Amino acid sequence: MSKENSGRGPRHRGGGYGPRGIGRPVEKAKDFKGSLMRLRDYMRPHAWGLLLVLILAILSAVFNVFSPKIMGQATTILFEGMLAKMRGIPGAQIDFSAVGRILVVLASLYFASALFGFFQQLVMVGIAQKTVFKMREDISEKLRRLPLKYYDATAHGEVLSRVTNDVDTVSQSLQQSITQMLRSAISIVGVLIMMVNISLPMTLITLGMLPVSIGISVFIASRSQKFFVRQQRILGELNGHVEEIYTGHTIVKAYGLEEEAVTRFKQLNDELYDNGWKAQFVSGIIMPLIGFVGNIGYVAIAIAGGLFASRGIIALGDIQAFVQYSRQFTMPITQMASIANVLQSTVAAAERVFELLDEEEELPDSPAAVSLDKPQGEIVMRRVSFGYDPSKPIIKNLDLEVKPGQMVAIVGPTGAGKTTLVNLLMRFYDVGEGSITFDGRNIMDLKRGSLRTMFGMVLQDTWLFEGTVRENIAYGRQGASEQEVEAAAKASYVDHFIRTLPDGYETVLSEDAANISQGQKQLLTIARAILADPAVLILDEATSSVDTRTERLIQKAMGRLMKGRTSFVIAHRLSTIHDADRILVIKQGELVEEGTHSELLELGGFYAELYRSQFLTAASEVG
Amino acid sequence: MWRLRQYIKPFLPIALAVMALVFLEVMATLKLPDLMSEIVDLGIAQGDIPLIWRTGGVMLLVALAGAFCAVLSNLLGSLAATGLGRDLRIALFSQVERFAPQEFNKFGTASLITRTTNDVQQMQMVFLMTLRMALRAPLMAAGGVLMVVKKDSRLAMILLALIPVIGVMIAIVLTKGVPLFKSLQHKLDRLNLVLREQLMGVRVIRAFDRGMHERERFGRANLDLTQTTLKVNRIMITLMPVMTLLINFTSIAIIWFGAKRIDAGLMQVGDMMAFLQYSMQILWSIMMLSMLFVMLPRASASGERLVEVLETAPSIQDPPRPLSPRPGAGILEFKNVTFYYPGAEVPVLSDISFTARPGQVTAIIGGTGSGKSTLLDLIPRFYDIQSGSITLDGVDIRHMAQADLRSRLGYVPQRAVLFSGTIKENIRHGKKTATDQEVAAAARTAQAADFIEEREEGYDSYISQGGTNVSGGQKQRLSIARALARKPQIYLLDDTFSALDYKTDAKLRRELARSANNATTIIVAQRVSTVLSAEQIIVLDAGRIVGRGTHQELLSHSKVYQEIVASQLDEEAVS
Numbered sequence: 001m002s003k004e005n006s007g008r009g010p011r012h013r014g015g016g017y018g019p020r021g022i023g024r025p026v027e028k029a030k031d032f033k034g035s036l037m038r039l040r041d042y043m044r045p046h047a048w049g050l051l052l053v054l055i056l057a058i059l060s061a062v063f064n065v066f067s068p069k070i071m072g073q074a075t076t077i078l079f080e081g082m083l084a085k086m087r088g089i090p091g092a093q094i095d096f097s098a099v100g101r102i103l104v105v106l107a108s109l110y111f112a113s114a115l116f117g118f119f120q121q122l123v124m125v126g127i128a129q130k131t132v133f134k135m136r137e138d139i140s141e142k143l144r145r146l147p148l149k150y151y152d153a154t155a156h157g158e159v160l161s162r163v164t165n166d167v168d169t170v171s172q173s174l175q176q177s178i179t180q181m182l183r184s185a186i187s188i189v190g191v192l193i194m195m196v197n198i199s200l201p202m203t204l205i206t207l208g209m210l211p212v213s214i215g216i217s218v219f220i221a222s223r224s225q226k227f228f229v230r231q232q233r234i235l236g237e238l239n240g241h242v243e244e245i246y247t248g249h250t251i252v253k254a255y256g257l258e259e260e261a262v263t264r265f266k267q268l269n270d271e272l273y274d275n276g277w278k279a280q281f282v283s284g285i286i287m288p289l290i291g292f293v294g295n296i297g298y299v300a301i302a303i304a305g306g307l308f309a310s311r312g313i314i315a316l317g318d319i320q321a322f323v324q325y326s327r328q329f330t331m332p333i334t335q336m337a338s339i340a341n342v343l344q345s346t347v348a349a350a351e352r353v354f355e356l357l358d359e360e361e362e363l364p365d366s367p368a369a370v371s372l373d374k375p376q377g378e379i380v381m382r383r384v385s386f387g388y389d390p391s392k393p394i395i396k397n398l399d400l401e402v403k404p405g406q407m408v409a410i411v412g413p414t415g416a417g418k419t420t421l422v423n424l425l426m427r428f429y430d431v432g433e434g435s436i437t438f439d440g441r442n443i444m445d446l447k448r449g450s451l452r453t454m455f456g457m458v459l460q461d462t463w464l465f466e467g468t469v470r471e472n473i474a475y476g477r478q479g480a481s482e483q484e485v486e487a488a489a490k491a492s493y494v495d496h497f498i499r500t501l502p503d504g505y506e507t508v509l510s511e512d513a514a515n516i517s518q519g520q521k522q523l524l525t526i527a528r529a530i531l532a533d534p535a536v537l538i539l540d541e542a543t544s545s546v547d548t549r550t551e552r553l554i555q556k557a558m559g560r561l562m563k564g565r566t567s568f569v570i571a572h573r574l575s576t577i578h579d580a581d582r583i584l585v586i587k588q589g590e591l592v593e594e595g596t597h598s599e600l601l602e603l604g605g606f607y608a609e610l611y612r613s614q615f616l617t618a619a620s621e622v623g
Numbered sequence: 001m002w003r004l005r006q007y008i009k010p011f012l013p014i015a016l017a018v019m020a021l022v023f024l025e026v027m028a029t030l031k032l033p034d035l036m037s038e039i040v041d042l043g044i045a046q047g048d049i050p051l052i053w054r055t056g057g058v059m060l061l062v063a064l065a066g067a068f069c070a071v072l073s074n075l076l077g078s079l080a081a082t083g084l085g086r087d088l089r090i091a092l093f094s095q096v097e098r099f100a101p102q103e104f105n106k107f108g109t110a111s112l113i114t115r116t117t118n119d120v121q122q123m124q125m126v127f128l129m130t131l132r133m134a135l136r137a138p139l140m141a142a143g144g145v146l147m148v149v150k151k152d153s154r155l156a157m158i159l160l161a162l163i164p165v166i167g168v169m170i171a172i173v174l175t176k177g178v179p180l181f182k183s184l185q186h187k188l189d190r191l192n193l194v195l196r197e198q199l200m201g202v203r204v205i206r207a208f209d210r211g212m213h214e215r216e217r218f219g220r221a222n223l224d225l226t227q228t229t230l231k232v233n234r235i236m237i238t239l240m241p242v243m244t245l246l247i248n249f250t251s252i253a254i255i256w257f258g259a260k261r262i263d264a265g266l267m268q269v270g271d272m273m274a275f276l277q278y279s280m281q282i283l284w285s286i287m288m289l290s291m292l293f294v295m296l297p298r299a300s301a302s303g304e305r306l307v308e309v310l311e312t313a314p315s316i317q318d319p320p321r322p323l324s325p326r327p328g329a330g331i332l333e334f335k336n337v338t339f340y341y342p343g344a345e346v347p348v349l350s351d352i353s354f355t356a357r358p359g360q361v362t363a364i365i366g367g368t369g370s371g372k373s374t375l376l377d378l379i380p381r382f383y384d385i386q387s388g389s390i391t392l393d394g395v396d397i398r399h400m401a402q403a404d405l406r407s408r409l410g411y412v413p414q415r416a417v418l419f420s421g422t423i424k425e426n427i428r429h430g431k432k433t434a435t436d437q438e439v440a441a442a443a444r445t446a447q448a449a450d451f452i453e454e455r456e457e458g459y460d461s462y463i464s465q466g467g468t469n470v471s472g473g474q475k476q477r478l479s480i481a482r483a484l485a486r487k488p489q490i491y492l493l494d495d496t497f498s499a500l501d502y503k504t505d506a507k508l509r510r511e512l513a514r515s516a517n518n519a520t521t522i523i524v525a526q527r528v529s530t531v532l533s534a535e536q537i538i539v540l541d542a543g544r545i546v547g548r549g550t551h552q553e554l555l556s557h558s559k560v561y562q563e564i565v566a567s568q569l570d571e572e573a574v575s
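Protein chains in written order, with the numbering used here: chain A, 1 to 623; chain B, 1 to 575.
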């Protein structure tokens, strides 16, 4: 659990208002150029589609750029007609046929622009979704191929966040930001040309406002980032506190720590508030201020335009058009201002996805790999050495021979390498030196999947997925019938318990299966293993949360099951391994003692001492 | 959302102020085209240059006032939204702290964490957006309509014709878009769930060679998510151009009909230009509003989840006039206690009666699912029983204040829980006022002193969140020390010794027996060695008491006990 929680830190999704990213801290990619190139490669299958998007965007933007000018012409005609009338020129009137012609042109321009814009979006959405679909599929496929090493070393939250947040960021950017940016860039050029065309001095006024807007954004953004960073830190602390207190709920209750917890929460919460509103406020004033600057520009244009028009230098319709242009100009500029941010965070997100995709994979099965039809369960280890960190070997020169059908118990202090042994047997990790054979074949020459299904495993960490009890047990074997599932449950003495659940076998286990106890979970996983009917059983501390009496019952069932099967039992409690055919005592990765229970007691070594420490204390207190 | 009103209420004055400011800002924005039309109609048409300058100056002032209102409304809006977030968060957290395990488990730890963090954050954001946008858009529309009607009410009829069209579009968004957005969220959660399970269960998946199966499961969730996303997006990208077209064709109509009216001398060109700008503003703000509809379901889902928590009454409450047994004895008595978990058909415990006395150890032993831990959980009143009674020194624990009851108990759970903080602080959770000496004494008894003192910073060593920097056994001993520091009347030890090796276990129990001399001790155990010396052993099987007595007594007549012992001890050790 803790591993999973550690990565749950909240990462903000892009806000829904204002240009995305302005005023918020931006994550930077480690290798911006490289990752950008890879993202481009990812998009390559859609090269034609993207070209189409580009063409459509240009068309849509161009048609859009022309329309204010055309509309202005209509206004000019109206104005001139009206002026003429006012001045009493005989026969003067508004030239309606000209206005009508212009309006028809205008309507077609609008229509064309909208149509191209629509198709551009349609194509782009398709491309974006296909790309992120593929990205997620690639990640999923990659996860299937990654060695256990990766899973053991990476926090789950980390992987989760790459599949959801990072992929989401990429999709958002592809779909919205990038096309918007494209249009903006085209608009800026087009609008600029049109503005210069109408009036150079007025264009200069508009351009003069630009540095002011940009200056304001940069100035405020740098300030607001500070608050956002601090807010993020406090939020992290607060979330940590919540997680901790909720996880320890019963203890909080039992010791009456509620008030203390609330006080601490309050303190963090107030701190969060102090920073939060400042961050919110400072980043929120960017838009109004830019708007204000825009309005100053508007006023300046109104005055200048008014002066020019009254001297007849410029047509009225052109002023109207210019006002529209200058509005159209500021919007894409502010959008462009955030391009750097959006691009940065997109590439950083993509980079994290690529990092995952670049992780080293499990060696594939060799083409000559076989699967065993009738596994016997003879296992031989020859001079096996292994360490998770090669410089720190956990298993050294281990020799081991297990005949089919034997029950082998592995005993030793924590960290002696017992669980590691299982990792090697099932090829979760590959041996460093030496070899392991199964029925005389090197396990490296067996198909991984076939090797693993020959083992039935009940691990320390019980794992059940969200689904019914029945589905969870049936996970052990595809296509198991209802009767088989229930028989397996009966064999592991969990049938009765299942039937006390509200919906019996159809009870849905919640996400972390909080509705059943640890011991019951283990019984379910045992049922699952029984159903799987494997050649070799591995019980790794399997029954540590089950009381010894139930455990004994399970062992009876297992005893029947283990007939003709090799089994490995790893346990701290010696009571569980009495009747093992062989007991292996492993200490610091080496086999130090080997034999039956009575042989080892006689030997008077480590096992005998361990045994005495467990039982004689109990006995001495009786006497 | 409505049910959260009591939390929103304190911010109503601010919200009203924001509304007023937004209104002023909108009016300022709307005033600009109006002034512009004056420049056109009076300035340009009549060549009145000073008027152009003057009007320009006024425009600048209006713009400045607008900006000022915007900044101020933003300030107030930020204060209100973060304030609401703060209030909701503390309300939620306090509420959860009042929950008994029953309600707590109904939601689940993970879900409660998300609700307290993400959902509150979501509400806060939506409130802010509502203040900023949801108010702005209708005001803008209303203001625009006002100005339009003032300019030329006849021409304003054009806009009237648009209402049904816009109505249809909003209806489409509401009926098609909103459910899709909901299902989108659902599918995203599904993908997350599948992936999280695969990460956590990787060993099992590989052991059963179900990698392909899981891969397909993810693929299905992925495809489903992608298809829904595409659907949602297609609706969104259709709406945008349609809306734009609507606006543009409206302006064409305005020019055409406006031209007629100008020709008839009923309207001036500048007015028409202003009219054009107003109609655009009206339509854009309506568009913004429809976008808001898309966001609301998300917020209402979050709001729903918050309300669920806030409206769940804690199942365990203090009586109006709590009784308090006189401090002293510590006799705990169960009388015919029967307990069902909520919704269960079969009771976990039935007809349990026993008395635990001070100075004695009462041990409870039994199989998994026999109800041992549940029995222990009834004593601090984590759950209330359905029939029978539990009394402490003659007072029914349901008549006591929870804090009073629990202050008399020293509870050590099966899985040790520590909190981030120093070792000293952790032990002091047992008793806030414990002196350094008391802390050290508790640690010594709990066999924790050795490893604590080995640490560089001793009792000031920091325990990280979840206690990840101490071993399981150390955690357990610290958790015992915490209970010891409390010097409670009653110790509740839930299979406390299973994480310890036998040597430490034996030593600890000896020490414990000495220091908990006059206390009532109730131990739930799996190992027979733990219960050997208990004055009273209670054997549970399937929620019923099937045997009681000392070790020797039970050995001679309890069959279940004999089985348990046989499974654990060698014959010779027992004899």
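Keep in mind the hints are simulated off the structure, nothing from the lab. Hints may contain errors.
[Said to hold, decoys possible] As a list, the in silico DSSO-like pairs of lysine-lysine whose alpha-carbon atoms are at most 30 Å apart:
1) A:LYS521 / A:LYS149
2) B:LYS335 / B:LYS432
3) B:LYS187 / A:LYS521
4) A:LYS134 / A:LYS149
5) A:LYS130 / B:LYS176
6) B:LYS507 / A:LYS587
7) A:LYS226 / A:LYS374
8) B:LYS335 / A:LYS142
9) A:LYS563 / A:LYS587
10) B:LYS187 / A:LYS266
11) B:LYS231 / A:LYS130
12) A:LYS142 / B:LYS176
13) B:LYS487 / A:LYS134
14) B:LYS507 / A:LYS134
15) A:LYS30 / A:LYS266
16) B:LYS507 / A:LYS563
17) A:LYS490 / B:LYS182
18) A:LYS266 / B:LYS432
Computed from a predicted structure; not experimentally measured.
Right, here's what the structure says about each hint:
1. For a cut-off of 30 Å, the pair hint linking LYS521 of chain A to LYS149 of chain A stands: about 26 Å separates their Cα positions.
2. As the CA atoms of LYS335 of chain B and LYS432 of chain B are separated by approximately 34 Å, the hinted pair breaks the 30 Å bound.
3. Annotation: proposed proximity of LYS187 of chain B to LYS521 of chain A holds, straight-line Cα distance about 28 Å (limit 30 Å).
4. Straight-line distance between C-alpha atoms of LYS134 of chain A and LYS149 of chain A comes to about 25 Å, which keeps the hinted pair within the 30 Å bound.
5. Taking the CA atoms of LYS130 of chain A and LYS176 of chain B, the gap is about 23 Å. The hint holds against a cut of 30 Å.
6. As the CA atoms of LYS507 of chain B and LYS587 of chain A are separated by approximately 25 Å, the hinted pair is consistent with the 30 Å bound.
7. Proposed proximity of LYS226 of chain A and LYS374 of chain A is contradicted: the alpha carbons are some 66 Å apart, above 30 Å.
8. For the suggested pair LYS335 of chain B and LYS142 of chain A, the alpha carbons sit about 60 Å apart, so the restraint of at most 30 Å is broken.
9. For the hint pairing LYS563 of chain A with LYS587 of chain A, the CA-to-CA distance comes to about 29 Å; that is within 30 Å, so the pair holds.
10. Between LYS187 of chain B and LYS266 of chain A the alpha-carbon distance is near 35 Å, which puts this suggested pair outside the 30 Å criterion.
11. In summary, the hint linking LYS231 of chain B to LYS130 of chain A is supported, as the alpha carbons are separated by about 13 Å, within the 30 Å threshold.
12. A threshold of 30 Å between alpha carbons decides the hint, and for LYS142 of chain A with LYS176 of chain B the separation of about 36 Å lies outside it, so the pair is violated.
13. Our distance criterion of 30 Å between C-alpha atoms is broken by LYS487 of chain B and LYS134 of chain A, whose separation comes to about 61 Å.
14. For the hint linking LYS507 of chain B to LYS134 of chain A, the alpha-carbon distance of about 60 Å lies beyond 30 Å, and the restraint is violated.
15. Our distance criterion of 30 Å between C-alpha atoms is broken by LYS30 of chain A and LYS266 of chain A, whose separation comes to about 38 Å.
16. Distance hint between LYS507 of chain B and LYS563 of chain A is unfulfilled; the C-alpha atoms sit about 41 Å from each other, more than 30 Å.
17. For the proposed pair LYS490 of chain A and LYS182 of chain B, the alpha carbon gap of about 42 Å is over 30 Å, so the pair is violated.
18. For the suggested pair LYS266 of chain A and LYS432 of chain B, the alpha carbons sit about 19 Å apart, so the restraint of at most 30 Å is met.
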